[in-house]
Amino acid sequence: MIHVFLLYDSRSGSTLLSSLLNRYAGVVVTQESHFIPLVLESYPDEQAMDVDGLLDLLYSEPRFCEWGIGRENLRNRLDGLERLTYRTVFDAVFREYFKVRGEGQPEVLVIKGARHDFHLTRLREIFEGARFISLIRDGRAVYNSKLDMVSLTGMKMSNNIFQAAFDWKKMLRRLAGQSLIRLRFEDLLAEPEAEVSRLLAALGVSSAGREFVSSQQEYYELIGKKQKHLHANVGRDPDRKIAVKWKDRLSAAQIQLYELICGPELLQNGYELCAPGNVPFKESTGLILGQGLHWIWLKVRNIFYYTFIERSILRKLKEKKFE
Numbered sequence: 433m434i435h436v437f438l439l440y441d442s443r444s445g446s447t448l449l450s451s452l453l454n455r456y457a458g459v460v461v462t463q464e465s466h467f468i469p470l471v472l473e474s475y476p477d478e479q480a481m482d483v484d485g486l487l488d489l490l491y492s493e494p495r496f497c498e499w500g501i502g503r504e505n506l507r508n509r510l511d512g513l514e515r516l517t518y519r520t521v522f523d524a525v526f527r528e529y530f531k532v533r534g535e536g537q538p539e540v541l542v543i544k545g546a547r548h549d550f551h552l553t554r555l556r557e558i559f560e561g562a563r564f565i566s567l568i569r570d571g572r573a574v575y576n577s578k579l580d581m582v583s584l585t586g587m588k589m590s591n592n593i594f595q596a597a598f599d600w601k602k603m604l605r606r607l608a609g610q611s612l613i614r615l616r617f618e619d620l621l622a623e624p625e626a627e628v629s630r631l632l633a634a635l636g637v638s639s640a641g642r643e644f645v646s647s648q649q650e651y652y653e654l655i656g657k658k659q660k661h662l663h664a665n666v667g668r669d670p671d672r673k674i675a676v677k678w679k680d681r682l683s684a685a686q687i688q689l690y691e692l693i694c695g696p697e698l699l700q701n702g703y704e705l706c707a708p709g710n711v712p713f714k715e716s717t718g719l720i721l722g723q724g725l726h727w728i729w730l731k732v733r734n735i736f737y738y739t740f741i742e743r744s745i746l747r748k749l750k751e752k753k754f755e
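Be aware that the sequence shown starts at 433, since it is given in the numbering used here, and climbs by one per residue.
Everything labelled a hint here was simulated from the structure, so no lab data went into it. Wrong hints could be hidden among the right ones.
Calculated lysine to aspartate or glutamate pairs in the EDC-like style (CA-CA distance at most 20 Å, straight line) [said to hold, decoys possible]: (1) Lys601 - Glu498; (2) Lys601 - Glu704; (3) Lys673 - Asp580; (4) Lys673 - Glu715; (5) Lys679 - Glu539; (6) Lys673 - Glu643; (7) Lys531 - Glu653; (8) Lys673 - Glu625; (9) Lys531 - Asp511; (10) Lys602 - Glu653; (11) Lys531 - Glu498; (12) Lys679 - Glu625; (13) Lys679 - Glu627; (14) Lys679 - Glu650; (15) Lys677 - Glu653.
What follows is a list of derived Cβ distance ranges for each label pair [claimed, not checked]: (16) Gln610 - Gly656: 50 to 58 Å; (17) Ser716 - Ala626: 37 to 45 Å; (18) Trp727 - Met433: 17 to 25 Å; (19) Phe713 - Ser611: 44 to 52 Å; (20) Met433 - Pro712: 51 to 59 Å; (21) Arg733 - Gly502: 31 to 39 Å; (22) Pro712 - Gly502: 20 to 28 Å; (23) Cys497 - Gly709: 46 to 54 Å; (24) Lys714 - Asp477: 50 to 58 Å; (25) Leu513 - Ser629: 37 to 45 Å; (26) Ala608 - Gly502: 56 to 64 Å.
On a predicted model such as this, the values are computed, not experimentally measured, just so you know. Ideal placement from N, C-alpha and C gives every residue a C-beta, glycine not left out.
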């Protein structure tokens, strides 16, 4: 079985791609969970792992809970391991997951979850022969999609232009020079079957494994209730207009500022710059000052939230993951 890690920024079409890949007999795509980075970050030394600690950690992650794996079933499997290592623990989780979904071992297991790009070196060591799919979407469209979206924490996503732009920029830098299977969301929208066929070939899925056995809607049904509002379009025919909706919604000043921050990265990934050159100075400076102050407020708010409410500030700082 080949392990494939899906690398993406939120609101980049990862669930659409997952629903398309999951239709095939030889492919199983997991629902989104951060459990692998969570284990790697909480246990830098795998020898320090213990069953009770692992179970507490895994079931503290809401997305993992939505996988439907029984805690005692997983405990029994972990207790039966000769030795707790990253690989044996992760394999135990996947075996229980296949049981929950009624799946045999597939040719390819696609693992969907954020923050995998922070751990590429370690993942290559743990999963020999693992593959990595990098899914990228125009950063301006990502920012536009995040503007009104609320995450599982009940807080808005990166609706600050500085935060969204720098998150997108840093992700691309982490992936630069890596051996990856690269895919643009816009190309997936334009030619979904051709792009998926290209991926299946790159992953070595057999002809039998390319037979359809389910639908996009079936993958949508796997998504937990708390996440369904984030993926309302999954299961429908891809809407190509999504790729350019940001042009009508973002202001000229927003586009100009985003391109000022991420212009080189946009061009390197085949996206054209389109900010008008006649944006009023007052509008531009007003946006910069307003969003700059908002960015500072978000940092203060997040420090308070993750210290006194969610109580995981040290882990959040280590993950470098703020909304």
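We went through each hint and held it up to the structure:
At most 20 Å may separate the alpha-carbon atoms for a hinted pair to count; lysine 601 and glutamate 498 exceed this at roughly 31 Å. The suggested pairing of lysine 601 with glutamate 704 holds, with an alpha-carbon distance near 16 Å, which does not exceed 20 Å. Restraint check for lysine 673 and aspartate 580: satisfied, since their Cα atoms lie roughly 18 Å apart, inside the 20 Å limit. Proximity of lysine 673 to glutamate 715 is assessed by CA-CA distance (about 28 Å); at most 20 Å being required, the pair is judged violated.
The straight-line distance between the Cα atoms of lysine 679 and glutamate 539 is roughly 40 Å, outside the 20 Å bound, and the hint therefore fails. Restraint check for lysine 673 and glutamate 643: the C-alpha separation of about 29 Å exceeds 20 Å, so the hint is violated. Of the supplied pair hints, the one linking lysine 531 and glutamate 653 holds, its CA atoms being roughly 17 Å apart against a limit of 20 Å. For the hint linking lysine 673 to glutamate 625, the alpha-carbon distance of about 18 Å falls within 20 Å, and the restraint holds.
The hinted pair formed by lysine 531 and aspartate 511 meets the criterion: a straight-line CA distance of about 18 Å does not exceed 20 Å. A C-alpha spacing of about 32 Å is found between lysine 602 and glutamate 653, which places the hinted pair above 20 Å, so the restraint is violated. A threshold of 20 Å between alpha carbons decides the hint, and for lysine 531 with glutamate 498 the separation of about 14 Å falls inside it, so the pair holds. This hinted pair does not check out: lysine 679 and glutamate 625 have alpha carbons roughly 26 Å apart, beyond 20 Å.
Among the hinted pairs, lysine 679 with glutamate 627 is inconsistent with the structure: their alpha-carbon atoms are about 25 Å apart, more than 20 Å. Taking the CA atoms of lysine 679 and glutamate 650, the gap is about 32 Å. The hint is violated against a cut of 20 Å. The straight-line distance between the Cα atoms of lysine 677 and glutamate 653 is roughly 27 Å, outside the 20 Å bound, and the hint therefore fails. Between glutamine 610 and glycine 656 the Cβ separation comes to about 30 Å, which falls outside the hinted range of 50 to 58 Å.
Checked against the given bound of 37 to 45 Å, the beta carbons of serine 716 and alanine 626, roughly 40 Å apart, stay inside it. A beta carbon spacing of about 43 Å between tryptophan 727 and methionine 433 contradicts the range 17 to 25 Å that was offered as a hint. At about 45 Å, the CB distance of phenylalanine 713 to serine 611 agrees with the hint of 44 to 52 Å. For the pair methionine 433 and proline 712, the beta carbons lie near 57 Å from each other, so the given range of 51 to 59 Å is met.
For arginine 733 paired with glycine 502, a C-beta distance near 37 Å keeps the hint of 31 to 39 Å intact. Taken as a hint, the range 20 to 28 Å is violated for the pair proline 712 and glycine 502, whose Cβ atoms sit roughly 60 Å apart. Between cysteine 497 and glycine 709 the CB atoms are about 51 Å apart, so this pair conforms to the stated range of 46 to 54 Å. Checked against the hint of 50 to 58 Å, the C-beta distance between lysine 714 and aspartate 477 comes to roughly 55 Å, which is consistent with it.
Between leucine 513 and serine 629 the beta carbon distance is about 38 Å. The supplied range of 37 to 45 Å therefore holds. Judged by the Cβ atoms, the range 56 to 64 Å given for alanine 608 and glycine 502 is violated: they are separated by roughly 41 Å.
Against the hints set out earlier in the document, violations occur for numbers 1, 4, 5, 6, 10, 12, 13, 14, 15, 16, 18, 22 and 26.
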